[in-house]
Amino acid sequence: MMSYSLFLGCYIPAMQPFAEAALRKIAPKLNINLIDIVGATCCPVPEISRLIDYETWLIIAARNLALAEANKKDILTLCNGCWETLMEAREELLKEPKLRSKVNEYLRTLNKRFVGSIEVKHFVQILVEDVGLDKIKENIKIDLGNLRVAVHPGCKLYKSENERFAQYLKDIVKAIGVQVVEYDIERVCCGYPLMLASVDKAINERSKWKLDAMKNNGADCIIVVCPACYDQFEKAQLALKDEGLEYNLPVLHLSELLALAFGLKPEDFGLNQHGVSCEGVLEKLKVK
Amino acid sequence: MSEKEIRLYPLRKKIRGLPPAFRSPTRGIISYGHVPRLSGFLQRTRVKIGLSKTPPTAYEVKQAVEEIQKIVKETGLDVKITWDWKRKRMRY
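Those protein sequences? They're chains S and E, same order as listed.
Counting in the numbering used here, the first sequence runs from 789 upward without gaps.
Counting in the numbering used here, the second sequence runs from 18 upward without gaps.
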């Protein structure tokens, strides 16, 4: 059994608990043991916190890393933003000893210390590099060959070395027998960070552009590995519906797709509670 | 500061608040350690799908929020963003 410190962040537990429930239920089947990071906070969100005050961003991230280090297990995260913050903060702290000392001065008042003894790993990285695609295939109980999915890695995954995490997502989805729809603008951002500047541009230009491409290429649903992308694609569809545009493209976190493939009932992890109904996907897979 | 105030008091230090879209997430992190609140509806949804009502993060652990607030005070972020500790919001 491989053990990891589970870093939930904010959006997974508070907006997409379905991904958390799915992960907790499929983890034993993948020989994964999850240890909660008690007292973890927001990573903190890179698009906002780092821009407002770099030092505060770094100290809060270091505090979260120090908590995980107490578990003595690498971090597993289901969120691209959390992965980016924790991974980049860790790298910067390891690279700059003076900065590390300064941050540890702050942490000392909280009885904590950043050492850098554990790694920060994204869910897709763990699935491919630690668990292995064969182990995933062993657990498949449902034929998903009928399902056509649009894969959206999210822009942060392209920050991984040689952009390999984005490819990992495709590899996993293909390994479980799903048809992957090519729609040309996979690497374009979902529009979530653009919401901070203009809701109209984010939804009517960016998200709509992607949703149109996915729909026109015959996707039945969208697969993401980031709760912000999930939120954006759902929010955009609900907003565009008010303007008479209906996409009916359910958004699933990879952990939910795996839970379905492993034969879990949709209501066991909340697939029946999504903002954009997943009924079409379930009908296609003949899952009740 | 309004244009009129700038003309009247040209040497007064300009205070610029956070961009509107940054306010709510920042308020969330300082007030409860996370960006969104964990609503009652979501807490019930979590229980329905077999999760704990609240995860063992700052949503549940008060000390975590206190530690974040201590960091914010020590780095001076509270002054930078004109955070009002009593009213739990930014002054500007």
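Heads up, a few of these hints could be off.
Result set (DSBU-like, lysine-lysine): computed pairs, CA atoms no more than 35 Å apart in a straight line [as the list claims (entries may be wrong)]:
no. : chain 1 : residue 1 : chain 2 : residue 2
1   : S       : 900       : E       : 87
2   : E       : 70        : S       : 923
3   : S       : 996       : S       : 1072
Have a look at the derived ranges for each label pair, beta carbon to beta carbon [said to hold, decoys possible]:
no. : chain 1 : residue 1 : chain 2 : residue 2 : range
4   : E       : 48        : S       : 930       : 14 to 24 Å
5   : S       : 1065      : E       : 64        : 42 to 52 Å
6   : E       : 61        : S       : 885       : 29 to 39 Å
7   : E       : 57        : S       : 950       : 36 to 46 Å
8   : E       : 87        : S       : 824       : 32 to 42 Å
9   : S       : 976       : E       : 61        : 15 to 25 Å
10  : E       : 54        : S       : 883       : 33 to 43 Å
11  : E       : 106       : S       : 962       : 46 to 56 Å
Note that these hints are calculated values from the structure, not bench results.
Computed from a predicted structure; not experimentally measured.
Even glycine gets a Cβ: it sits at the ideal position worked out from N, Cα and C.
Hints, one by one, checked against the model:
{"no.": "1", "hint": "S:900 / E:87", "verdict": "13 Å, holds"}
{"no.": "2", "hint": "E:70 / S:923", "verdict": "31 Å, holds"}
{"no.": "3", "hint": "S:996 / S:1072", "verdict": "24 Å, holds"}
{"no.": "4", "hint": "E:48 / S:930: 14 to 24 Å", "verdict": "43 Å, violated"}
{"no.": "5", "hint": "S:1065 / E:64: 42 to 52 Å", "verdict": "22 Å, violated"}
{"no.": "6", "hint": "E:61 / S:885: 29 to 39 Å", "verdict": "48 Å, violated"}
{"no.": "7", "hint": "E:57 / S:950: 36 to 46 Å", "verdict": "45 Å, holds"}
{"no.": "8", "hint": "E:87 / S:824: 32 to 42 Å", "verdict": "23 Å, violated"}
{"no.": "9", "hint": "S:976 / E:61: 15 to 25 Å", "verdict": "36 Å, violated"}
{"no.": "10", "hint": "E:54 / S:883: 33 to 43 Å", "verdict": "36 Å, holds"}
{"no.": "11", "hint": "E:106 / S:962: 46 to 56 Å", "verdict": "48 Å, holds"}
In this structure, the earlier hints numbered 4, 5, 6, 8, 9 are contradicted, and the remaining ones agree with it.
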